[in-house]
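Chemist: With these hints in hand, go ahead and build the complete structure from the sequences.
For the sequence shown, the numbering used here assigns the number 298 to the initial residue and increments by one for each residue that follows.
Treat the hints loosely; a few may be bogus.
[Unchecked claim] Here are the simulated DSS-like pairs of lysine-lysine, each with C-alpha atoms no more than 30 Å apart in a straight line:
{"id": "1", "residue 1": "LYS1052", "residue 2": "LYS998"}
{"id": "2", "residue 1": "LYS391", "residue 2": "LYS373"}
{"id": "3", "residue 1": "LYS757", "residue 2": "LYS806"}
Note that these hints are calculated values from the structure, not bench results. Computed from a prediction, not measured in an experiment: that's the story for all the values here.
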Amino acid sequence: MDGVPRVPQQRRPDSGAEADPARLRFCVLGPVRAWRGEEPLPTGSPQQRALLAALLLREGRTATAAELIDALWGEKPPQQALAAVRTYASRLRKALDPGVLVSESGGYAVRGLGDGALDVTTAQDLAAQAEKARAAGDLCRARELLGEALALWDGEALAGVPGPYAETQRVRLEEWRLQLLETRLDMDLEQGCHAETVSELTALTAAHPLRERLRELLMLALYRSGRQAEALAVYADTRRLLADELGVDPRPGLRELQERILRADPGLAEPAAPSEKPAVAAVRPAQLPATVPDFTGRAAFVRELSDILATAEGKVMAVSALAGIGGVGKTTLAVHIAHQARAAFPDGQLYVDLQGAGPRAAEPETVLGSFLRALGTADSAIPDTLEERAALYRSVLDGRRVLVLLDNAKDAAQVRPLLPGTEGCAALVTSRVRMVDLAGAHLVDLDVMSPDEALALFTKIVGEERVASEREAALDVVAACGFLPLAIRIAASRLASRRTWTVSVLAAKLADERRRLDELQAGDLAVKATFELGYGALDPAQARAFRLLGLADGPDISLAAAAAVLDLDEEATEDLLESLVDTSLLESAAPGRYRFHDLVRLYARACAERDEQPAEEREAAMSRLLDFYLATAAGVYAIERPGDRTVEHLEQSRRAGRTFTEASEALDWLHTEADCLLACAQQSLQGPALRRAVDLLLAAKDLAESGVSSLRYERVTLAACTAAQEAGDAHAEGRARVTLTQVLSNAGRFEQAEKEARRAVDLAADSQDPWTGSNALNELGIIANCTNRYADGETHLIRAIEAFRADGNRPGEASALCNLSRVLAPMGHLSRAVELAREGTRIYDELGLTVRLANARYALGIVLTQSGRLAEAMQELSQAVTIFADNRQRLWEGTTHFRIAQVHLLAHRPAQAAQHAEQALATGCIGGDWMRGNALTLLGKALHALNQSDRARACWRDALAIYDAAAAPEAAEVRALLTPLAAA
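Modeler: Below is the structure:
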């Protein structure tokens, strides 16, 4: 749909005095109401409100008495109709300001209203602004303005107002509202919000089944969400409905969309440009790092590579791969060339450091996710697998001219998925290895600088005056640097920042040829020799910081964590780190955060192993970091779960962590530090740190339940189980296996989860650890409930309750009570189930818990649903979903939407059920694929009730595939649902 729909133009009322908070305001997009400032005014009987509405909607034009009588009563007015109109007008005149309702020419008019006095004219203004914003390419602003316009509706327009005129206006305003809504949804799809839009469109098509534009948008949203079968099913449902109800076929646009979906038309992957409107500007990334102002030399390489990039237009994608030892200037050269070529790539430039020289190179799927977001793709539209992301990436780049700089690559296998693959685009790759197996790439071997180039670079940084007087000393410096650009830059920067030094002083410091030359002749060890020059110039405190900070595995480190490693206060730590940033041995990733280049990190570790003696000093530094993370994560856990004795069972930290007063601040810290925290836990899974590392995973369990860091959390937890088992530490292994059980259960892998939980129970008996014993039994009860083994679940949960009570863990007891209620309900003990769930809720409420109170309300909502008390169930589940959303528990939020959908379906509200089932699918659920199958099954039932049987069948087929893959018993129910449809 082109542009933004507008209500038929109406003349503006005359504008009176300046804006006044006590001026009159009127609403017709809902019940007819009036206010003076914030004071509501009486609008009288329904007929009197009908008169007011008729005058307001004429926007200053006079309505004759005859026109008003016809508006209020139509062809059958009462005998005293004229007197009634006069009475209504008189009453309104008294209620409103003087001069607002005027009499003229035998009729009446409303005059003197200022801008914003009538909600329908405000909505019209907002729609006009949205149209301008869309024409200018600002979709975000256009969507925001349309959202404001649509928010002005407060239910049905002119609600409760009688008369033929009001009825005509109601139809007109509702049609306009739907047009605005369709336009906003169209813009949602243009911005890639496909998954989010499906839920809203599902509800709208149920409410307006004959509105083909909504069906068309739903088909497109489903197709772009990877749900082709459902998209086609929507068309089949629409065609059948139109034939049954109206005896017509779908309009040509809908038929054309179906045909394009059938042939997987690539044009559907991106929104078509609106006709007769300026094209919406695509997101244009400009991610290149800044080029150095003192770039020197490399003239032949600059010409060669610039020529290749300049000829990329209209040809197969150009790929140039620069190889060379670390510090030789690959990145500097590539960034310089990329900046020179920017004009040839008007659609943007992408950049990523692939960390190929480090122990953990960047995963291609992670990089693709970052690139897709930079190119304007919504998070919800980014698929999960590497192959799907690579395909979408190439589709997004099709028709664009984008330069991609892939810096510090590990090998060709890492690079291939990141290449655009379309003509007009180009890629620059830097790596320590020659990529002879990267098909079609132009290979460039980058060697060290010539002596003249090296001296020129040194002079640019230090200054002509200082070098000219000591040219020989300057040549000695660049020679000592092995003519490596990075080494030259570090040395020159040190000299430039120290005005009291001469070039000869620096040359003397760099004269240790024994270590330098040995390293230069040892292949990759030449990189170490280059860094040794900067490291050797550090004072003792700087050198210690450099060595110890290099021990941590995380992608970066916060100032507080660095202070723990160095055993210093934050102020002294910041001074040291900033001085290291000045030497280029450390980077400032963001305010208060620091990171090493991956090669520098390796070198720093080598220095620590060589210079940090005895070895206990290195172990102590990592132990302090672990203590910092454990203490801080335990504090976050305590804020989230007051009264939970888990914190008391954790290993004691010998160093304080950060403290928080607000739960939101604590969660911000946990999610910001997720990668670093998990890296520290994995790195510490040995020796005396093992138990603390395992307990760190316990304290950070929110990372597993949020859905954001779940996969990394699972990997570290698996490593913890292995490490504890190899160490013969039953205490640590038991806790690790309980943690792994929770991860597996959340993912719906119940068979594996049960094995881990049973192993944990045995280990708890060996170690006499009450935390492991009680939590393992609770998890066994949860698993039994999910696998329909309710009697087993009752046994486990009764034992868990006893164990929690023996340990004095009231939140644990509340959890087990709620879980017990869920296994008793299917066994027919409904009143007892509700009683137990309420008891668990009461305990959480008394303790002031937030997230766990949501879990209790979730459980109570389920048993109330099973008891047929649907209104109460809805109340509990609605509160639960709000708490989960506020606390960033996305998987629990999605699971609760599924339960709300169940309630709506039982209450014969299939449209609302379908909407919440879609939200569950879009958000994700605790229980992984198994729970996705449940949501698809329920969505199919809701759609079937809405007479959308083809789409329902598509949902059930998807669910059946999930159940069959997992050999889940729910498959039988879905087959039964499909059988009558197949027979039909």
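Chemist: Each of the hints needs a verdict: does it hold here or not?
Modeler: Hint check:
1. As the CA atoms of LYS1052 and LYS998 are separated by approximately 20 Å, the hinted pair is consistent with the 30 Å bound.
2. As the CA atoms of LYS391 and LYS373 are separated by approximately 29 Å, the hinted pair is consistent with the 30 Å bound.
3. Restraint check: the Cα-Cα separation between LYS757 and LYS806 comes to about 21 Å, which is no more than 30 Å; the hinted pair holds.
Of the numbered hints given earlier, the model fails none.
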